[in-house]
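Taken in order, these protein sequences are the chains called X and U. All residue numbers for the first sequence refer to my numbering, where the first residue is 32 and numbers rise by one. All residue numbers for the second sequence refer to my numbering, where the first residue is 2 and numbers rise by one.
Treat the hints as calculated values from the structure; they're not laboratory data. For each residue, glycine too, the CB sits at the ideal point set by N, CA and C. Errors might be hidden in some of the hints.
Output of the computed footprint for chain X on chain U, the stretches with three or more beta carbons under 8 Å from beta carbons of chain X [stated by the list, open to error]:
1) 76-83
2) 223-233
3) 261-275
With a Cα cut of at most 27 Å, we get these calculated DSS-like pairs of lysine-lysine [what the hints assert, rightly or not]:
4) U:Lys8 - X:Lys149
5) X:Lys149 - U:Lys212
6) X:Lys149 - X:Lys208
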Amino acid sequence: MENKKAKKRSMTMEVCQRLAKNKMAMLGLAILIVLVLCAVFADVIADYETKVVAQNIANRLKGPSAEHWFGTDEFGRDIFARIIHGSRVSLVVGLISVSVSLIAGGCLGAFAGFYGGKIDNVIMRVMDIFLAVPSTLLAMTIVAALGSSLINVMLAIGISGIPNYARIVRAAVMSVKDQEFVESSRAIGASSMTTIFREIIPNCMAPIIVQVTLSVASAILSTASLSFIGLGVQPPDPEWGAMLSGGRNFLRDAVHLTLFPGLAIVITILALNLLGDGLRDALDPRLKQ
Amino acid sequence: MHKYVIKRLIMLIPVVIGVSFLVFFIMSLAPGDTARTILGEDAPIEAIEALNEELGLNDPVLIRYGRYMMGLAHGDLGTSYKSGRSVFTEVMSRFPDTLKLAFWGMLFAVVLSIPIGIISATRQYSLIDSVSMVFALLGVATPNFWLGLMLIIGFSLHLRWFPSGGSEGWKALVLPVITLGTGCMANITRTTRSSMLEVIRQDYIRTAKAKGVNSRNVIYKHALKNALIPVVTVIGLQFGSLLGGAVLTEAVFSWPGVGTFLVNSIKAKDTPAVLGCVIIFSICFSIVNLCVDILYAYIDPRIKSKYK
Numbered sequence: 032m033e034n035k036k037a038k039k040r041s042m043t044m045e046v047c048q049r050l051a052k053n054k055m056a057m058l059g060l061a062i063l064i065v066l067v068l069c070a071v072f073a074d075v076i077a078d079y080e081t082k083v084v085a086q087n088i089a090n091r092l093k094g095p096s097a098e099h100w101f102g103t104d105e106f107g108r109d110i111f112a113r114i115i116h117g118s119r120v121s122l123v124v125g126l127i128s129v130s131v132s133l134i135a136g137g138c139l140g141a142f143a144g145f146y147g148g149k150i151d152n153v154i155m156r157v158m159d160i161f162l163a164v165p166s167t168l169l170a171m172t173i174v175a176a177l178g179s180s181l182i183n184v185m186l187a188i189g190i191s192g193i194p195n196y197a198r199i200v201r202a203a204v205m206s207v208k209d210q211e212f213v214e215s216s217r218a219i220g221a222s223s224m225t226t227i228f229r230e231i232i233p234n235c236m237a238p239i240i241v242q243v244t245l246s247v248a249s250a251i252l253s254t255a256s257l258s259f260i261g262l263g264v265q266p267p268d269p270e271w272g273a274m275l276s277g278g279r280n281f282l283r284d285a286v287h288l289t290l291f292p293g294l295a296i297v298i299t300i301l302a303l304n305l306l307g308d309g310l311r312d313a314l315d316p317r318l319k320q
Numbered sequence: 002m003h004k005y006v007i008k009r010l011i012m013l014i015p016v017v018i019g020v021s022f023l024v025f026f027i028m029s030l031a032p033g034d035t036a037r038t039i040l041g042e043d044a045p046i047e048a049i050e051a052l053n054e055e056l057g058l059n060d061p062v063l064i065r066y067g068r069y070m071m072g073l074a075h076g077d078l079g080t081s082y083k084s085g086r087s088v089f090t091e092v093m094s095r096f097p098d099t100l101k102l103a104f105w106g107m108l109f110a111v112v113l114s115i116p117i118g119i120i121s122a123t124r125q126y127s128l129i130d131s132v133s134m135v136f137a138l139l140g141v142a143t144p145n146f147w148l149g150l151m152l153i154i155g156f157s158l159h160l161r162w163f164p165s166g167g168s169e170g171w172k173a174l175v176l177p178v179i180t181l182g183t184g185c186m187a188n189i190t191r192t193t194r195s196s197m198l199e200v201i202r203q204d205y206i207r208t209a210k211a212k213g214v215n216s217r218n219v220i221y222k223h224a225l226k227n228a229l230i231p232v233v234t235v236i237g238l239q240f241g242s243l244l245g246g247a248v249l250t251e252a253v254f255s256w257p258g259v260g261t262f263l264v265n266s267i268k269a270k271d272t273p274a275v276l277g278c279v280i281i282f283s284i285c286f287s288i289v290n291l292c293v294d295i296l297y298a299y300i301d302p303r304i305k306s307k308y309k
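Full structure from sequences and hints, please.
Now the structure itself:
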């Protein structure tokens, strides 16, 4: 038992050490930590009621200044405050929608990979149908049917991500299911569920962790896309894509309305991609070589 | 080979059936009364009920789906609630514009990304490699609708080089194509670089070099062909995001394509139009994936031999 713990700890440490050596991944991680802190302490940084939602027409379309770092929008709201509170929306949508994809897709992929045969065939053919619809369009269709709201956006993006997880987890499960530790688990009488979730899944976490990091980035991008065309988060809630959409009418006179929310999206996605790439290299050093 | 192509074309039928069922089922979950949406909030209840009956909306989902599929088998995608015209006609009248955008977007991405990826791989860790990888990283992280807005500000509003909307003339195509193609270009560049890096370290490349083959031939005749399989796969997959991206790009540039029609139909709750657009896009995506599979055979003779 002690040995097993020590081995586990040393493997995790090894991955962390490899990750720590990757400067770009560390940069991504640092940006993400700042973002998470902004999201957690958003109310401390800028008051929601007075700076994010309350309109102040006298202050409308002001450029960046010491008082309003990123300027104000067409309703006189502080863009910096809205971006900070928008980070909360983006991170929540990213994490919840990826959780939906991971839980549903992961279970389907694990069952398909573990049981094989007809179960595998049925599940994967259904997933093929999902994959035949481009994911942005699938998310749009789901939001169109369910209506525009934060919960529906999370659900739509989560559902459109299910097939990717099903495929990845299935492949990972198939690669380990015939190994000795799985056989021994079954030999000591463990049920299929115990074998899948206690033995197999923890042993194929590497591709799943990488996929989760990259999926949070694409979920944030999808949320912004849906909000940009008016199908996502609705005003006056602060969301980066919706802020960009609002700024479209002022491209000539107030560039800051579109510039800063866009930069917020780019920096967040970049940070997640850098961390995702770094994790992939750290979990599978052969790839880096 | 022909047998394989025919088999794959036949396999498109269950995909279309599956996609249409999936999308039809999702759209049937929409809350609210379709007839009320068409006739307006103030319409009398009798008129609403009569229209529901006329459109067959009182029937169970499966019966409605069966009726829809019968129509689809005859090329009928239903009638738009908003315009009253055939959805097929509506979509097809806009399809050439979307296809033009997607084609040039993909061409822009492929023509630039493959050479950049090759140069990056062959000059690993050089300045050109670092610069192109930074651009590729930024390209992946930049939402295309934001890039489109920034291009409009720079090249349309300030420099006045290109128009900010419309689809008339080649100038109108430049900014939407860059907007749509940049994300794909970034992804394909990264894949080409990593695939080439893997191939140029293989023994047969070392052998070719040892035999005195000049480096240009080694790269383009020996390495590139072997590195192309993952690149072609990514190009096929990117086509899906290109279609999704086309919807957003069209929205930014007021491009009169299927994407704009889809967004307007979603906002108007025009279910048959949404359904028709998604089915047409999905069929396109499946056909592109089929083309990618066929292309594999031409790139790699080992794959071709499996089809014989």
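Hint check:
no.: 1; hint: 76-83; in the structure: violated (count 0)
no.: 2; hint: 223-233; in the structure: violated (count 0)
no.: 3; hint: 261-275; in the structure: holds (count 6)
no.: 4; hint: U:Lys8 - X:Lys149; in the structure: holds (22 Å)
no.: 5; hint: X:Lys149 - U:Lys212; in the structure: violated (52 Å)
no.: 6; hint: X:Lys149 - X:Lys208; in the structure: holds (17 Å)
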